[in-house]
Amino acid sequence: MILFSVFSSIALVSSVMVIRAKNPVHSVLFFILVFFNTSDLLILLGLDFFAMIFLVVYIGAIAILFLFIVMMLNIKIAKIHENVLRYLPVGGIIGVIFLLEIFFIVDNDYIPILPMKLSTTYLTYTVYAEKIQNWTNLETLAMIGAIVLTMHKTTQVKRQDVFRLLRMFRKTQE
Amino acid sequence: MEFAPICVYLVISLLLSLILIGVSFLFASSSNSAYPEKLSAYECGFDPFDDARSRFDIRFYLVSILFIIFDLEVTFSFPWAVSLNKIGLFGFWSMIVFLLILTIGFLYEWKKGALDWE
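Chains as they are written, first to last, in full-length UniProt numbering: chain A, 1 to 174; chain B, 1 to 118.
No lab work stands behind these hints, which were simulated from the structure alone. Among the hints, a few may not be true.
What the hints assert, rightly or not - Derived DSSO-like pairs: lysine-lysine, alpha-carbon spacing no greater than 30 angstroms straight-line:
id	chain 1	residue 1	chain 2	residue 2
1	B	K38	A	K22
2	B	K86	A	K131
3	B	K112	A	K171
4	A	K131	B	K38
Just chain B, same shape as in the assembly (with noise of 0.2 angstroms):
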């Protein structure tokens, strides 16, 4: 099948990542690690007051939902990049219809300042 490269690499990816990984695990000496004095957090010799985690920034969530409306974006243009020939001037015409409503919620969020990040 023509599916037959995807699988190498797929065999060729795993392979490397595990390698990665188990070469720490088997040349890492366990009596040095992992106890759980070690393990525990460092707050300059105190018990840790309160969990690290500082709060989580809505703009990532902000980011990925725009990544997914222009992602649908894309994948609506693949098949109507391949099918040009066939669809003519109305399918042309309709997908610059689409891109143009989504370049104006593009616009919008421009302006409104959602891609900055200081």
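Okay, chain A solo, but in the shape it has when bound (with noise of 0.2 angstroms):
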């Protein structure tokens, strides 16, 4: 109990700390912090394999790419005007709306009438196996994307030729 207590108002803190911090490096490093204490609320569940999988994929993949997006976009800290109120209609409604959608899961039950064999594993490749094929697929559509979207043209690797230098080296025997 206490380290739920622990955890998830630690959580808590951080995320409104994403957005109140002044530096966005800083923003990124909260952002890392919440995924941290989610991931230490999954292992309370007894989800040992997602909690890893949280700090493999959330923290080493996900939070690295808003660190980059935040490299890239060169903001000067002393050049933002900060606002408050202004942002507060629209993201109070929408607040209002995720707050809400909690009550909607608190009390119902959603979990479907799972087949003979209970294991997650079992049920991941064999009868959700269609599931999975849409994350493939999904995926290479996303690398082929990312592809398009960000090749240089002028990326020209110098490469040897091994045929050609074989054939250079024959003449030279003669």
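Now that you have both chains on their own, put them together as the hints suggest.
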């Protein structure tokens, strides 16, 4: 119980600090802290695999992506004109909607009727195999999309044409 | 609980990093360091013309996205490898199909030159 309160309170405070920090790099660091505490909450729930996957995927990949975006944007800290109340109406409405969504989940039963063998891994690769297929298609699409968007035409790498070199070498032998 | 070694590891690494930072704070003389003239950028005596940062290379972002994709592939491979006896032949071949589709994407990016850094 103590651990749950500690982790959840640090997660909440860090998530507030994400939007309130002046330095955007500090925001990303608090973001990482949120994921650390969420991972600890997952350990408390007994889902240790998902906790480690959170650490690896969320912190190790997604937070790094955010960090790269912050590095790319080149924000000068002194020039940010901070007006907190400007986004209050729309942001407040969206925040209240998110809060109300929690009440849909709390006392309702959304878990589907599972087949006989209840292991998650068994289900993932046999019963729900088509869903994983959707994910692989999406990932390949994401790869191709990322390459199409970001490829320079100017990345010329000097390569050796091995067959040409062999032919030239053979000519020197004559 | 079985997470005690992880806790010990975390405490030791936290202690080590705190010591490394704290010792330099403690033993640096504050009279010689950090006055504004010393901290400003040096451009052969002139005032700085422009920001010293160069443009962020977009290839870092591409590397990061590719890392996410193959990291998720590894994430899916972990439970598959653990439960291979239960999912049988169908489960095995379904995962091979997933790996094949990702390999097609990998081949595309290899041939396109997304992995090249000059």
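Status of each hint after checking the structure:
| no. | hint | result |
| --- | --- | --- |
| 1 | K38(B) to K22(A) | 25 angstroms, holds |
| 2 | K86(B) to K131(A) | 19 angstroms, holds |
| 3 | K112(B) to K171(A) | 33 angstroms, violated |
| 4 | K131(A) to K38(B) | 59 angstroms, violated |
The structure fails to meet hints 3, 4 from the earlier list, while all remaining hints are met.
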